[in-house]
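**Q** The chain contents come next:
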Amino acid sequence: MAKKGMSELAKEEQKLAVKLLIPTFIILLVIALYPLGQVFYTSFTNRTFAGTGTTEFIGLDNYQKLLSFSIKELPPVVDEETGKVKIDEETGKKVFQSPIQVLPRQPELYRPVYSFNFFGSKYVVGAVTPDFIRAVFNTIIFTIFSVLIETILGLGIALVVNSEFKGRGMMRAVMLVPWAVITVVSAKMWEWMFQPTRAGLFNMLLDKFGIGTGNFSFLTNLSLQMPAIIAVDVWKTTPFMALLLLAGLQLIPQELYEAAEVDGASKIRQFFTITLPLLKPSVAVALIFRTLDSLRVFDVFQVLLAQKRYSMASFNYFQLISARQMGMASAIGVIIFILIFFFALSYMKALGVDTE
Amino acid sequence: MRKYLLLVLALVLVVSFTAVGFAQEKTEITVAAGSVGKELELTQQAAQMYMEEHPDVKINVLSTPDLTNDRLGLYLQFLEAESAKVDVYQVDVIWPGDLGQHFIDLNKYGAEEVTDNHFQEIVQNNTVEGRLVAIPWFTDAGLLYYRTDLLEKYNREVPQTWTELEETAKYIMEQERAAGNPDFYGYVWQGNAYEGLTCDALEWGFSNGGGTIVSPDKEITINNEKAIEAIDMAAGWVGGISPTGVTGMAEEDARKMWEAGNALFMRNWPYAYTLGNADTSQIKGKFDVAPLPAGDSGSSAATLGGWNLSVSKYSEHPEVAADVALFMAGKKGQKMRAIEGSFNPTIKSLYQDEEVLEAVPFFGKLYEVFTNAVARPSTATAPNYNQASEIFFQGVHSVLTGESDASTAVQYMELDLKDLLGYEIGEPRQP
Amino acid sequence: MSKTQKKVLKKILFYFVLAVIVVYLLFPFYWAVNSSLKSQAQLSMTPATLIPRDPDTGEISIFTSNYFAIFKNGQFLRGLVNSSIVATSTTILSLIVGSFAAFALGKLRFKGKEPALYVILAMTMFPQVTVLSGLYAVINALNLSARFSMIFTYMLFTLPFTTWVLTSFFRDLPKEIMQSAQVDGATPFQTFHMILLPLTAPALVTTGLLAFIQAWNEYLFALTFTSIDPSARTVPVAIQYFSGEFARQEPFGEIMAAAVVVTIPIVVLVLIFQKRIVAGLTAGAVKG
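Residue numbers (the numbering used here), protein chains in the order written: chain P, 1 to 356; chain Y, 1 to 431; chain H, 1 to 288.
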């Protein structure tokens, strides 16, 4: 009897679950099914955005174009008269052929992305769409650093705000200010702070401290671009992380700490044995949504770096709007989709969050 | 009784339907135009003027974003949806080639009679495969802004060549810095990796005899000594007479530095003239404009900018829409915009018009610049202009930032353009 | 070191850390306030000043015209109303629908839970610009008004977010509550409505706030969907439509002023709801 009761209960639960899920799925189907399906389909065609020509199905060509790359060794330049390897007179180093002579041109033109030295030889990485390969690289670097820093800072802020002190109500509001500033506008604000003259905040401050001559060009200097843009994103989205973690902290039963206190466990020990493990599910969700947003990062790249350095989404934007390559843009969308899926799954697995 | 009732009912129905019919008879035309303060106001004013003459037409002016890419993105959404919601589009001078298939041939709607009055360079630019897809509305061209007070103070002339500009800029910059302004620079321009750099770099190249990237007869001409020389020259300015940050600057960044009194020369569009003379400007009354300098083996060149009006082929009333477009871009409309908003007319005779010159005296100087303006190769590379331009400005930008040298960069531009367009390689020709 | 000394030192250290956090979070915002009170000439001053100063005399001079300009701008004020309507509706809808789904996903046993979770997440994994033209087609086909199209399409990112976050919170709630409720004869829906929902108030408020701000700040969809209907434009779009007298001129001061003004309602909103963020019951209270 009892068994039958259980299975009936389970059936009832199953029914209820379906009922509860229906609204979500209806809404998502109505708004998302067609656009998402279209993206997948278009990624296999050569469709032009607002084009008047015919669209053809071209299989995986777009993906091939985006992703194919090759690594070639650059042979040293041999002097024709002496038959010896040419040495640069100024630097005393071997002269290598330029990538343009080495990389394949047929059937597709490969352009250099990156070159490096390895055991005295020089290699070049070439790609058919070097901007995209760079964009993938930029986006992944951006994601790793900004999400990592945000998680650490966010956890720190959440722990501080979670403790008892006067004015913490106010503090919770203050905490959300960066997240509340409209993204496009916040990017413009930072752009102004990064001005390459002393009209910009950072150059003014650095100049006051005697560093540089007030003309650091944060957004055009290749080695300053990524740190600058990561700093902007960290400022903007740490509150998101902090608030989610704060809510997670609230759910940890207080008496666990009380019990630990009785056992004489130190605060640090409590943090590692109670807080962190119990916070895992919150961390996982926060990580997934932050990573998802960072991999799709658009506004900050678009406003601050525009076409100087692309993220995957900003490259995608230019492919669609400027180049009107809708097929190509859709393929980029699908690649981003797959990357995000991969990240999401690995977070869930790594943090051991049980989804069943 | 019933019969009568039915009759009355029928009559009421008929009357009300015809009433609805009458109400609908007013043709509605939507014009997608710029959102900027004065610009929008003047477009609405022109619409009003038209509606007074044609009471059966109602014109809605739809403001669109000022950011060119945002505006293009919107237009593409409309055109992709073949939307009849917008009848007349305000289009950038580089779009007719790319978007031309979506627009009607205005020559078939009476534009033929007026095209001779406009600057020929623009009319040619807007003619795609023999169809006039956009009527010129107002124009723009690159200008050299210079500080009259400083040139006078150091007894220098307005530079005629780039070499002169370099020398003067270097000299005065050193003097001004020594006199206590460490933020002073010689020359500011648009060096960010975007369409604006294509405009600037086209001027360097063309003024040096280096051609227009892709020639009007569809040959790729970028890989030549003169162009390399010109790009190298500009790369030499970065970190010297121009701040290192110039490689991240657009029009507004340059203008802000200029108006703060921190630059001797500036390359910019005519809009900076009126703004520079505003009360908030530090250099009010202390500057003037001139044609941009020439290279050693060429003549001064100014890249052509500006906006045109096109009529969507998805419009439900193409005749009326074309009439509206031609009216707005007609002499009366352009004159009003010139006087009240200092928009540069595309109709030549307006540059001799007394009322116009009285309102905006500096227009007289611009006439020559506009007649010599050089169009970007947007029609020759259609429908791939944006990509061609990106290949060009990314290449130039990599030279400016020192990532690449000019001769490698143009080699790649040539290969990439060939890959994109499939055109032959040719030699640049100077007109 | 005595115990009280240690305590004082700890307190000082705590407030120091707090101060650092506050400065870090607020300084860039202060810079926006500072910039919004400067005229064009004051903005381009070198070196930049921490307080608006007159470019010639160097004395403090506050420039308020930017604020007058934005309050005279009908588009901006209408934008505030539109943004409030759109963001509030999206948030409430996502919270309701999302909490239903989350309850099923977090607390009920049924087959296909994991795929359901990932399908929901997958909806939001494309870059916005990629799905834009497809969405635009859907909206045209459904003939939705601009405001409705924003409310619905924003759910593309708010709904997966609320569902996922709430699922993780529901999952964390002790099983005993449900079981005890069932023993008391409550239906699962009653359990959900009477017990679980109040318990997860902090989670609801947190996700609600975050989703609200996301919707409030959205730009690309709003730009496209309101293009033909300017009266439905939201704040981010209205700000982007700010322009000077001339094309190309960007009224930076006004944009900053708008940014400051727009942030204030959100701060007020957070202040109203902040108590809720932490006022949730602890598990102890549940058991008792």
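In short, the hints are calculated from the structure, not lab data.
The structure presented is a predicted model; accordingly, all values stated were derived computationally and were not measured.
Some hints here could point you the wrong way.
Chain H stretches covered by chain Y per the calculated footprint, using a threshold of three residues with CB under 8 Å from any CB of chain Y [as the list claims (entries may be wrong)]:
| id | segment |
| --- | --- |
| 1 | 33-45 |
| 2 | 220-227 |
Rough simulated footprint, nothing fancy, chain H against chain P, three-plus residues with beta-carbon under 8 Å [what the hints assert, rightly or not]:
| id | segment |
| --- | --- |
| 3 | 180-192 |
| 4 | 293-306 |
We put the beta carbon where it would ideally sit given N, CA and C, even for glycine.
**Q** Against each hint, give a clear statement of whether it holds in the structure.
**A** Right, here's what the structure says about each hint:
| no. | hint | in the structure |
| --- | --- | --- |
| 1 | 33-45 | holds (count 6) |
| 2 | 220-227 | holds (count 3) |
| 3 | 180-192 | holds (count 11) |
| 4 | 293-306 | holds (count 3) |
Violated hints for the displayed structure: none, as all numbered hints are satisfied.
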